[in-house]
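Peer 1: My request is simple: use the sequences and hints to build the entire structure.
Residue numbers (my numbering): 1172 to 1461.
Just so you know, these hints were derived from the structure itself, not from any lab.
The model shown is predicted, which means the values in this text are computed figures rather than measured ones.
Backbone N, C-alpha and C fix where the C-beta goes; we use that ideal spot for every residue, glycine too.
Do not take every clue at face value.
As the list claims (entries may be wrong) - Label pairs and their calculated CB-CB ranges: (1) D1234 / E1331: 53 to 59 Å; (2) S1447 / R1244: 32 to 38 Å; (3) S1303 / A1209: 50 to 56 Å; (4) I1300 / A1209: 46 to 52 Å; (5) W1175 / Q1369: 52 to 58 Å.
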Amino acid sequence: MIDWKDIPSLAALRGFEAAARCGSLSGAARELNVTHAAIAAHVRSLEAFFGTSLLVRAGQGMDPTPDGALLARGLGEGFGTILATCQDLRDRGRARPLSVTTTPTFAEYWLMPRISAFWANHPDINVTINPSPEISDLARDGHDLAIRFGNGDWPNLTVEHLVGSDFCIVASPSIAKRLEGADKATLLRQYWLMDHTQVERRYLAQAYGVDPSELEVRIFATNGMVLSAIRAGLGIGLQGRSMVTNDVNLGTLRIVKDLPFEGVGYHVVTRTGARSEALDLFVRWLKKAV
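Peer 2: Written as structure tokens, this is what we have:
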């Protein structure tokens, strides 16, 4: 354990090390971007702390005394170790894969079909994708970025809108044909297929003014399973339009009804101030991909 009472001011040590290495107070002042008087004050404070002379005048410059040379050598080695450690940590940070957490649905239906374009342009940036329905604490869990669904109201984080996600009710082609022009009561009587988070239940209740408990809901472990079940005709579901675009284009799902919600969508969420060059590149690519 370090007892900091035995160590003088780090600023003074830094100033003295620069003066001893440069051979002058003026040279140290220029290197550290401080005044000549500040370096002189640092040297005097260290001489008072150690009770010995550390620098003596030599012509136009300064030379360390034997005690000063001993201190300068130790500081040079110590600061060199600190510098090497900082550089190693910084380089590790550059090489460390970006950790992205998002919902399994967004990862499968939006991110994965597009991310090859990012890797083609930035092959040196590794990206680790961690799909999870749970909201992660970015700092605690070591994630650089989250793509979250909601209205963007997450305090103490940097939130940037990525893509809107107007909801739509989808069904298999046969069920969609049967429900063409169906009224509210008919739609609410259908089996609604949702994953275990049941986020859609709240939006359905809001859109139709009903108690969420009135809905007949069949629960599946993941939204991927929900979509498979909807394609198979086991019921209908409320989905973000951006998540079912491919299915609709392929004809495996049809939109029964649109249910837009103002301000709801997917957002890029990062820790405030914790942005690396690689992270900035990835965020810019996400926005361009939209």
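Peer 1: Indicate, hint by hint, whether the structure satisfies it.
Peer 2: Now for the hints, and whether the structure bears them out:
| no. | hint | in the structure |
| --- | --- | --- |
| 1 | D1234 / E1331: 53 to 59 Å | holds, 57 Å |
| 2 | S1447 / R1244: 32 to 38 Å | holds, 36 Å |
| 3 | S1303 / A1209: 50 to 56 Å | holds, 52 Å |
| 4 | I1300 / A1209: 46 to 52 Å | holds, 50 Å |
| 5 | W1175 / Q1369: 52 to 58 Å | holds, 54 Å |
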